[in-house]
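Protein chains in written order, with my numbering: chain A, 1 to 113; chain Y, 1 to 115.
Simulated from the structure, these hints should not be mistaken for laboratory data.
A portion of the hints provided could be inaccurate.
Keeping only pairs whose Cα atoms sit at most 25 Å apart, straight-line, the calculated DSS-like set for lysine-lysine is [claimed, not checked]:
1. Y:K58 - Y:K107
2. Y:K5 - A:K57
3. Y:K5 - Y:K42
4. Y:K68 - Y:K5
5. Y:K107 - Y:K5
6. A:K13 - Y:K42
7. Y:K5 - Y:K71
8. Y:K107 - A:K57
9. Y:K71 - Y:K57
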Amino acid sequence: KAGVTQTPRYLIKTRGQQVTLSCSPISGHRSVSWYQQTPGQGLQFLFEYFSETQRNKGNFPGRFSGRQFSNSRSEMNVSTLELGDSALYLCASRLGGATGELFFGEGSRLTVL
Amino acid sequence: QQQVKQSPQSLIVQKGGISIINCAYENTAFDYFPWYQQFPGKGPALLIAIRPDVSEKKEGRFTISFNKSAKQFSLHIMDSQPGDSATYFCAARTGTGGGADGLTFGKGTHLIIQP
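Work out the full structure: start from the sequences and follow the hints.
Spelled out as structure tokens, the structure:
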């Protein structure tokens, strides 16, 4: 069974640009979450989607957005990039419900210059 | 506001020894406490998890001890091996209705097992 797949794995952008990251969850998983990982702040929850609806959202500005498609694949977008947005962005999927184990992808490493 | 405090930041243990990582939380609504292991270049992977109605859970060499009154939980790695060298994260989550909030993670512990 394939794991969570994230693309691209690495990317470099400049300040003010926007970026879109993609995530394909494990087959059958309907919930997709996004996390930001930085050395200073650690792992922080961005948002979670379930059946194409955003179910929960972390404490991030509106520049961070996401969506989920009918096949459960998800994308997240960051507009007007800032230097501080440089991070590893992790996608995780689970079957759904309150207790499902989260399975993480290997992440997309974004560098903002 | 850091809702889950993890210590130590880094830990060096001799092969065969016991590695102990501690976490404390503030939000009494948390009802699910997982531990994740992360190797360089990889995403975090679930090691073991516990709910607050249980004081201890053991899976192989990994044990979670949970103290609800003190709002603390810890990970013990018995007979630590060089392959256990990784970064470990504790986390907590509330379950709300049919779904669940996002995980709140500790800052992580960089564990090195010396051969």
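We went through each hint and held it up to the structure:
Using a Cα cut-off of 25 Å, the hinted pair Y:K58 and Y:K107 holds, with the two alpha carbons roughly 23 Å apart. Taking the CA atoms of Y:K5 and A:K57, the gap is about 21 Å. The hint holds against a cut of 25 Å. For the given pair, Y:K5 sits about 23 Å from Y:K42 by alpha-carbon distance, which is consistent with the 25 Å threshold. With a C-alpha separation of about 15 Å, the suggested pair Y:K68 and Y:K5 falls inside the 25 Å cut-off, and the hint holds.
Distance hint between Y:K107 and Y:K5 is fulfilled; the C-alpha atoms sit about 7 Å from each other, no more than 25 Å. For the given pair, A:K13 sits about 22 Å from Y:K42 by alpha-carbon distance, which is consistent with the 25 Å threshold. Proposed proximity of Y:K5 and Y:K71 is supported: the alpha carbons are some 11 Å apart, at most 25 Å. Under the criterion of a C-alpha separation no larger than 25 Å, the hint pairing Y:K107 with A:K57 is consistent with the structure, at around 20 Å.
Restraint check for Y:K71 and Y:K57: the C-alpha separation of about 16 Å stays at or below 25 Å, so the hint holds.
Taken one by one, the earlier hints all hold for this structure without exception.
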